[in-house]
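Protein chains in written order, with the numbering used here: chain U, -17 to 365; chain D, 440 to 715.
You can take every hint at face value.
The calculated EDC-like cross-link candidates involving lysine to aspartate or glutamate, where the alpha carbons are at most 20 Å apart (straight line), are:
(1) D/K641 x D/E486
(2) U/K198 x U/E168
(3) U/K194 x U/E168
(4) U/K217 x U/D202
(5) D/K590 x D/E672
(6) D/K641 x D/D629
(7) D/K535 x U/D206
(8) U/K304 x U/E251
(9) D/K492 x U/D206
(10) U/K217 x D/D507
(11) D/K535 x U/D202
(12) D/K635 x D/E486
(13) D/K492 x D/E649
(14) D/K492 x U/D202
(15) U/K198 x U/D158
In silico contact screen, one side only, chain U against chain D (beta carbon under 7 Å); selected entries:
(16) A33
(17) A79
(18) L205
(19) A208
Note that these hints are calculated values from the structure, not bench results.
Here a beta-carbon is modelled for each residue, glycine too, at the ideal position from N, C-alpha and C.
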Amino acid sequence: MTILDRPAAARPAVAAAPPASARGAHHVPDRVLMKGNEAIAEAAVAAGCDAYFGYPITPQAELLEWMARRMPEEGRVFVQAESELAAINMALGASAAGARVLVSSSSPGISLMAEAMSYMAGSRLPVVLVNVMRGGPGLGSIGAAQGDYLQATKGHGHGDYRVPVLAPSSIAEAIDLVRDAFILAERYRTPVMLLADGILGQAMEPVAPTFKTLEKGRPDWILDGAAGRAPRVLKSLHLRPEDLEEHNLALQAVYAQIEKTEQRWAGEELDGSEVVLVAYGTAARVARTAVERLRDGGIRAGLFRPITLWPFPAQALRDAAKGARAVMTVEMSAGQMVEDVRLAIEGAVPVSHHGRMGGMVPSPDGVVDAVRLVLAESKEAGR
Amino acid sequence: MTATEPVLEQEGRTIYRRPALLSNPTSYCPGCGHGIVHRVLAEVLEELDLGAKTILVGSVGCSVFAYDFLALDSVESPHGRATAVATGVKRVRPDKVVLTYQGDGDLAAIGTAEIVHAAARGERFTVIFVNNGIYGMTGGQMAPTTLAGQKTTSSPRGRDVQTQGYPLPVTEMLSLLPGVQYVARVSVADPGHVGKTKQAIKRAFEVQLEGKGFSIVEVLSTCPVGWGLTPSESMERLRDVVMDAYPVGTFVDRDRGIAPALPQPGAAHRSITEGF
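All chains should be built: construct the whole structure from the sequences, respecting the hints.
Now the structure itself:
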């Protein structure tokens, strides 16, 4: 379906009217302006999300509000839970019963969801979890930040598990990645995280008004009452160490397959670049402008943008950085992804970090200055 | 009937049959009430012919392996979250029968928010709440339901209400909520009470099948190991002490006109607006 198939009252605000010549009774504009949170929500509706569970938190509240209106319109399930703990556990139950489920929150709420994410990974239950990151630690601020990178990619809940993490850097890309997240979640029977930030959630950008649908199968593991078959049990508990090890080995085999086949990235101006900027999400937008300004100033800069933060596209980055004099991450954090970048580069090229924290966003000129400094130091060191 | 059939088969009739839904012998301690509750639950589901349309939401505690003993489609939940998980299951499969099976540590401590809000939303599933007043699986620590003065491994001098608070009457608290359709507290202290337990559990599932609202049956049970008593002493304590502190009975059955004798929220407002 398209978002414009819906009743007029449910349509997103079209801030810029299409040109008069193109107007007609059935005219569909090429672009509509949508807020990131609302676009993510509508993308999930279009992709056949059966159930949404959430709890209000800034800066993702519009996502919850959009679903509060849209899911009942479509005859689907919406529950505003009493907490993020309850929301993700409702998702656990709905997923076990075979529903395609979306849950969203922002950083502090995501921390509360860590427990059930571990259970869902252990029980092999698909779910898509959106984190519209804000400043931390603790209650932090409601400004956009990227301080949850390590939480998203390295841990979140307890135990040996991984979660694919998709990082859009525009609202249009977020729309595509919501659908891809459902595909990954169901293909591998795993939770998947969409890692956005407060700017992506709150900003409005023009997007194509037609959102893609997604077919849904009927997997052979879901719970629907054991009629005419043996009962099924979905669980993470395996008390015998031998059994739990075997279960863990099976999980690791899934993660190895994901690492092998699902790495995604985008590169810009990477050929022959002497400095490679590495950034994702909103920080990648800043880095892109910095690359333009550096190139205008005669420095051959390029941008490597991971789209999957886990699995991290390490080999692709290593290849992209070959021949570069410096690699620099641009992050809205103290430098978290930089750890993965260093692991990927394996010391072949000096790696540094430039970032701001607490809801502050690095400026393109700040990045340009940092790059010039690093290149100067590199020259002094005779590299 | 032919003359060659053995006498016993000719004259015998079935007076004891294990419900087919009880798939495996339980591993509970001697004198523990979980085995009784499992059996009663299996009998009720079988009598109502619900086995093939029921989804069990497990919990954490001694009953964590309930899915090993009950032949039902089952999903595990994190400690305390069973009613949130059940909300997700029932909302997407309203045509199925959904139940949670939770102990008092799970439901009355770590799962307090989840049970209250599932009840407040009037979720249309059934909660089997087995209350033995103690954390059994972890070694007999004090629970919110532990009686005043009761000795446990984490209240070695007896529960001191001045520092450790009073027992939490969850079932009475839930009875006040308008979305709650059926509430009963029963016991496994003797065969008579086990019979009433079965009636209550059956009624709870009937209420769920009618789609009217939330139903919960609290079953007062035993923990001989945690209580430091023999199985028969445990049943005596259950009957003489625990049932005195936690009175049994049907607290809410709205269809049958049983509701707490308290003004219902919104009643005053209704009477005023209806007057105009």
